[in-house]
Amino acid sequence: MSEQELDARGLLCPIPVIRTQDRIEQMQTGDILKVFCTDPGVIHDIPAWCRINGHEVLSIDEEDDQVVVMVKV
Amino acid sequence: MSPEIIRDLGHRNSINQWYYYQTFTVISSMNTSVENKSRKAVALVSGGLDSMLAVKVIQDQGIHVEGINFFTGFCVEGHTHAIRKKDRARPKRNNALWTAEQLGIKLHIIDVSEPYKDVVINPKHGYGANLNPCLDCKGFMVQRAYAWMQEHDFDFLITGEVMGQRPMSQRKDTMPVVSRESGAGDLLLRPLCAKLLPETKPEREGWVNRDELLDFSGRNRKPQMALAASYGIEDYAQPAGGCCFLTDASYSSKLADLWQARGEKTYEIDDIVMLKVGRHLRPRDNFKIIIAREEGETNFLKGYRKRFLSLGTTSHTGPIALIDGEPSETDLELAARLVARFSSGRDADSVTVEVLQKDGTSSTLDVQPLPSNEVPQDWYV
Ligand code: SF4
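Residue numbers (my numbering), protein chains in the order written: chain A, 1124 to 1196; chain B, 1220 to 1600.
Hints are computed from structural coordinates only; laboratory data are not their basis.
A portion of the hints provided could be inaccurate.
Claimed, not checked - Distance condition first, Cα-Cα at most 20 Å in a straight line; then the derived EDC-like pairs of lysine to aspartate or glutamate:
hint: 1; chain 1: A; residue 1: K1195; chain 2: A; residue 2: E1185
hint: 2; chain 1: B; residue 1: K1420; chain 2: B; residue 2: E1431
hint: 3; chain 1: B; residue 1: K1325; chain 2: A; residue 2: D1145
hint: 4; chain 1: A; residue 1: K1157; chain 2: A; residue 2: E1128
hint: 5; chain 1: B; residue 1: K1484; chain 2: B; residue 2: E1431
hint: 6; chain 1: B; residue 1: K1525; chain 2: B; residue 2: E1483
hint: 7; chain 1: A; residue 1: K1195; chain 2: B; residue 2: E1320
hint: 8; chain 1: B; residue 1: K1521; chain 2: A; residue 2: D1188
hint: 9; chain 1: B; residue 1: K1521; chain 2: B; residue 2: D1568
hint: 10; chain 1: A; residue 1: K1195; chain 2: A; residue 2: E1126
hint: 11; chain 1: B; residue 1: K1521; chain 2: A; residue 2: E1128
hint: 12; chain 1: B; residue 1: K1325; chain 2: A; residue 2: E1148
hint: 13; chain 1: B; residue 1: K1521; chain 2: B; residue 2: D1454
hint: 14; chain 1: B; residue 1: K1325; chain 2: A; residue 2: E1179
hint: 15; chain 1: A; residue 1: K1157; chain 2: A; residue 2: D1184
hint: 16; chain 1: B; residue 1: K1577; chain 2: B; residue 2: D1454
hint: 17; chain 1: B; residue 1: K1275; chain 2: B; residue 2: D1566
hint: 18; chain 1: B; residue 1: K1577; chain 2: B; residue 2: D1597
Said to hold, decoys possible - Facing chain A, a subset of chain B residues (Cβ under 7 Å, in silico):
hint: 19; residue: R1312
hint: 20; residue: L1316
hint: 21; residue: T1485
hint: 22; residue: Y1486
Said to hold, decoys possible - Just some of the chain B residues that point at chain A, by a computed CB distance under 10 Å:
hint: 23; residue: W1367
hint: 24; residue: A1447
hint: 25; residue: V1492
All residues carry an ideal CB built from backbone N, CA and C; glycine is no exception.
Based on the provided sequences and hints, a complete structural model is requested.
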């Protein structure tokens, strides 16, 4: 089980979702992905994508202008 | 009551149409063939009602459907919401993701923004009313979806197209062009108007029952709305002109201006995002000024200060502005007066404007805000 990070700062939706999707495709079930974003749209879009594709959102943290989403593959 | 009788009733008059749709669902699921459990279709999902209905109709026939959605850079989704603060009050949703969730299907979002440039720049079939290359665009998307379908071992492809609904890509004579040029041929099925088109392989092979497909045509959306109601779908996106910014006249004129100023038809993703932000004015051929309209846009444009020369008022509150092009000293003063005009100091005798170079060095200019009668309408791109 590995934990990876993805820098999607400065990217506008849906690009952070696409990057998350493409990265998760390379990961194993049980792995954790931490996505760093600046577009607040990810607060809705990443969880929606995860619900559809059967992944779990462990947490969403908003700090300053940054959103950090933790996904369990 | 047999399916034939119900279909007859449905076609006889519009009152019965509602009943037909209601019953349609029940009959369709009765006819679900066990053999179809293994058939798989990939659907082009835009987030609008039509693609949603097309998926429903095919799902009802026991087919496993997954969605595909293409990010071209011009999608109405996303960008402006992230930029404009006032839009943030509305709960944001990505309609394609939302649609997929309602349908209970997987959605694969694919970034095609690079290869899509060629579609926008050199459309073989030309543009529609604005810079929308709809026919080439449809062909491109179907072609990509067809490649995905083959790679992932799916059997056929569906779209929510309705014959005669869109002037360019959804006409009786252009729909076969998309099938042919995309390479998808008769593996491309349009469930909402299949009965008006030649039989496709999924119908011929009995993977889907043609009798249960539809014959929607024209711009009247009542049949779609009735079908939606029969499925209990009440909430759906209603795109006005089209699914992307290229159908928007004001957006298209900004893109045309960008190409004209550069002397060639090229763009980067940053360029086309920028066309969605702020007021764009071109006071002289050699430069354009992009002025933020509100705080969200100001914050967004600030992120581009290393790529563009930028201006901002310091003596008064006001927006940030970026300069695209090569302004002379006199041009810069004009730009500063223009920025001052959009600041809270518009009626002041003098406003101080900071000019920030791309390398971070800055200088200031004290200028008189430009009066409104000195801002000709044709400066607005
Ligand atoms: S409206 Fe835009 S996305 Fe839709 S078919 Fe036309 S060019 Fe393509």
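message: Checking hints one by one. Is T1485 (chain B) an interface residue toward chain A, by the C-beta closer than 7 Å rule?
response: Nearest chain A Cβ about 21 Å off; hint violated.
query: Do the numbers back the hint for V1492 (chain B), that is, is its least Cβ distance to chain A under 10 Å?
result: 7 Å, holds
- prompt: Straight-line Cα separation of K1325 (chain B) and E1148 (chain A) no greater than 20 Å?
  reply: 13 Å, holds
message: Check whether the Cα positions of K1525 (chain B) and E1483 (chain B) lie no farther apart than 20 Å.
response: This hinted pair is violated, its Cα atoms lying about 24 Å apart.
message: Checking one constraint from the list: CA of K1325 (chain B) to CA of D1145 (chain A), max 20 Å. Satisfied?
response: 14 Å, holds
field: Restraint check for K1195 (chain A) with E1185 (chain A), where alpha carbons must lie at most 20 Å apart
entry: 18 Å, holds
field: Satisfaction of the Y1486 (chain B) interface hint, Cβ to chain A closer than 7 Å
entry: Check failed: Cβ of Y1486 (chain B) comes no nearer than 16 Å to chain A, outside 7 Å.
task: Double-check L1316 (chain B) for me: the hint is only fine if its C-beta lies closer than 7 Å to a C-beta in chain A.
output: Since the shortest Cβ distance to chain A is 4 Å, the answer is holds.
- request: Below or equal to 20 Å on CA atoms is what counts here, so check K1157 (chain A) against E1128 (chain A).
  value: 5 Å, holds
message: Under 10 Å is the threshold here; is the Cβ of W1367 (chain B) close enough to any Cβ of chain A for the hint to stand?
response: 13 Å, violated
message: Does D1188 (chain A) sit within 20 Å of K1521 (chain B), going by the straight-line distance between their CA atoms?
response: 14 Å, holds
- prompt: Is K1325 (chain B) within 20 Å of E1179 (chain A), Cα to Cα?
  reply: 15 Å, holds
Against the hints set out earlier in the document, violations occur for numbers 5, 6, 9, 11, 13, 16, 17, 18, 21, 22, 23 and 24.
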